[in-house]
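Protein sequence lines, in the order shown, are assigned to chains A and B.
One point on numbering: in numbering that gives the first Met the number 0, the residue at position 147 of the first sequence is 146, and numbering is uninterrupted.
One point on numbering: in numbering that gives the first Met the number 0, the residue at position 39 of the second sequence is 38, and numbering is uninterrupted.
Simulated from the structure, these hints should not be mistaken for laboratory data.
You may find that some hints are simply not true.
The list makes no distinction among identical chains, and a pair is therefore deemed to hold if it is satisfied within one copy or across any two copies.
[Said to hold, decoys possible] As a list, the in silico BS3-like pairs of lysine-lysine whose alpha-carbon atoms are at most 27 Å apart:
#1 K99 to K235
#2 K39 to K216
#3 K90 to K173
#4 K200 to K173
#5 K197 to K355
#6 K74 to K216
#7 K337 to K20
#8 K216 to K173
#9 K147 to K328
2 protein chains.
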Amino acid sequence: MFLSELIPLSKSLAITQKNQKIMETEIIDLEDSYLRVLAKEIYSLHDSPPFDKSAMDGYAVRAEDTFGASSNVVKNLTIIDQIGAGDFSTKELREGEAIKIATGAPIPKGANAVLMEEYTTANGNDLKIHSQVTPSENVAFQGEDLKKGDKVVQSSDLIRPQEMGLIASAGYRKVEVYKKPRVKLIITGNELVEPSPKLEKAQTINSNKYTISAMIKSAGAEVEISQRRDNFDEVKEAILNGANDYDLVITTGGTAISKGDVVVDVVDHIGKVLIHGIAIRPGKPLGFGMVNDTPVFMLSGYPVAAMAQFDALVRQYLFKMQNMDYAPKIEKRIATLKIFSNLGRTDYVRTYSDDKNAKYILNRGSGIIRSMVQANSYIIIDENQEGVAKGDLVDVLFFDNMNWSK
Amino acid sequence: MFLSELIPLSKSLAITQKNQKIMETEIIDLEDSYLRVLAKEIYSLHDSPPFDKSAMDGYAVRAEDTFGASSNVVKNLTIIDQIGAGDFSTKELREGEAIKIATGAPIPKGANAVLMEEYTTANGNDLKIHSQVTPSENVAFQGEDLKKGDKVVQSSDLIRPQEMGLIASAGYRKVEVYKKPRVKLIITGNELVEPSPKLEKAQTINSNKYTISAMIKSAGAEVEISQRRDNFDEVKEAILNGANDYDLVITTGGTAISKGDVVVDVVDHIGKVLIHGIAIRPGKPLGFGMVNDTPVFMLSGYPVAAMAQFDALVRQYLFKMQNMDYAPKIEKRIATLKIFSNLGRTDYVRTYSDDKNAKYILNRGSGIIRSMVQANSYIIIDENQEGVAKGDLVDVLFFDNMNWSK
């Protein structure tokens, strides 16, 4: 049942992708849709602007009537009405006439331009103008942003502020989006306790609870945490409940490669283990399986190993659950040290990169969280590469670029 | 009172920075601290790991006793105890002895290495070993991640998943962070209505409510929205309440440059207008002032102008309120068209940039939200630059890089 050799990352990803779940969709209020993923394309219900409107505070005029006016040549018009924002005029403008108009108000019939207020002097109904305008000047035309029936957004678009504005302009107060994945995070380990100034002998602080739950959020998902002892029945109950009530289960701890450890044992017993042991470093002891059609990622108990496993496999799985491709930008930097790596294994080397160089951070082991705090990026040495020499251009993935909302 | 000429962006920023407010701090649960800003440096309360522990499931041994063992040369040890995770052994290991040990358990006295289980065969208390280990092998040493008293994080650090893990390891369940700014967003405009398939004459859909509130969230702040008619008393009451109950007030609409428009009038009446009219494009009609010691940003009613104003001034103000410097990465791209710009004015040109080029997006006006949806970046032409020629290297700011949590 347990795979006896480490599976390369590329093959592991093929396995998780083959078992990819996509969330159902839901209809939510547009104002709650920031950073959600659209499930349906949207077509505009009307023109935007919905009418020709003034782009300035001033006077709606016939441009022809202003020709020749300047600071030296003052022309005269007669004010016949005024239109505030939200109002409109029923009058039709004729030669020699002007209608006072606010920004955003509909251009009255007969007018074809707006003269800015600062180029005018009004005295009762008499308007002196000191400038000319060309036809269409200071008019925002009906439909210039959107025409009725225009496709506004695509399915799978991430909703940024501007998409929200355009969807609103198209006439919608609700949008159909992919549900956010609800993740059950199960932390295992008898030795784990909450942070405290004083620890009893053999106790270790549960840091994975904090790092992995925040990483789940950073991938656009919601998380609930539970903690279990390294006990088959306790872990079994937690994973079964998680698989039944959540969209995804993530565990930490109990994934040793050398033998069937408790978490992998449980998944093997109640579901199917599809990956056990992956050729990445750090992060070798990873499991992946399905329980009642719910994916279960079994991460290492080692903090840094668990983080690398999350970044190598889980992050893109969570993105894709929301129908979003995970394609973080990979940048090129100069390696400042020789780095060893085995062919067939993908290395995630913690590094601090600036604009030019990727500075190696002493990679002392998969328990050293401090190395992830000092780092801002990974050098990724892929499975077809056998280490890098000092001075080589290497692939660098900045942590910032991996987040859902970056 | 109203400034008669447009203020350059650099000078405007000097004014807002001079009136920069910084939030007070609060103590929150570590598990709620993701993406908050630390207000105090943190020192570790103990060593992490808190004891020398096993990094593998296997047997704690004296490395010397294993020397020479191999798949051909089997050596024998006697198992005298076993230690599960969270347990410890009171026994001291002597020559020829081994203690079964779980990952994470404390190394017993007398042992100096752990031999992985897969290189052993156990039969009752007899252990056959098929491999040798060097001293320290598979041991995670006390304090190798953190030593008691080590500085764990700096004040002003953004709390990422790894900081949460390290702070937990240092012994803390609570952290002191800057409060999130609470922003009152006041939308003005008689013509504005909620999105709807059918609009009455002269009505315009309120898209700023959606874009600007989402932008406020994208800068790490919280927002509450209210809408007011273009009426001095209504706007006055809203701004006064906002200034008293919130950390920052943002308005949209009513900021025309040519005359005192309602919002700017109100702020001039109840507080102090410090900026009215800024040399950016789009976004000229911007106001900034103080009311009862609360900053008020008065944005344009034009959707795209308001967004550019937010990106030029408000975003960094909100970051700094949380004691975070806003320093988004500026990248260089090749301009694919000649772009006009006036000396003294900063242009935010909506563009779609790929790895190489910044493709000009028809910049049809400050009402065209669609242009922001098609764009992924701004070309920024600063106030000392007089336009760019086709083929020039230009400064590009990707929208993704402007967010709080990127």
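Against the structure, the hints come out as follows:
1. In this assembly of identical chains, K99 and K235 lie within 27 Å of each other by CA distance solely across copies; the values are 25 Å between and 75 Å within a copy.
2. Taking the shortest Cα distances, K39 and K216 sit within 27 Å of each other both inside one copy (24 Å) and across copies (24 Å).
3. In the homo-oligomer, the alpha carbons of K90 and K173 never lie at most 27 Å apart, since the shortest distance is 37 Å inside one protomer and 67 Å across protomers.
4. Proximity of K200 and K173 under a CA criterion of 27 Å is satisfied inter-copy only: 23 Å between copies versus 55 Å inside one chain copy.
5. In this homomeric assembly, K197 and K355 never come within 27 Å of each other (Cα to Cα): the closest approach is 43 Å inside a single copy and 55 Å across copies.
6. Taking the shortest Cα distances, K74 and K216 never come within 27 Å of each other, neither inside one copy (64 Å) nor across copies (50 Å).
7. Taking CA atoms no more than 27 Å apart as the test, K337 paired with K20 passes in neither setting, with 40 Å inside one copy and 47 Å between copies.
8. Taking the shortest Cα distances, K216 and K173 sit within 27 Å of each other both inside one copy (24 Å) and across copies (19 Å).
9. Taking identical chains as interchangeable, the C-alpha atoms of K147 and K328 are never at most 27 Å apart, the minima being 36 Å within one chain and 38 Å between chains.
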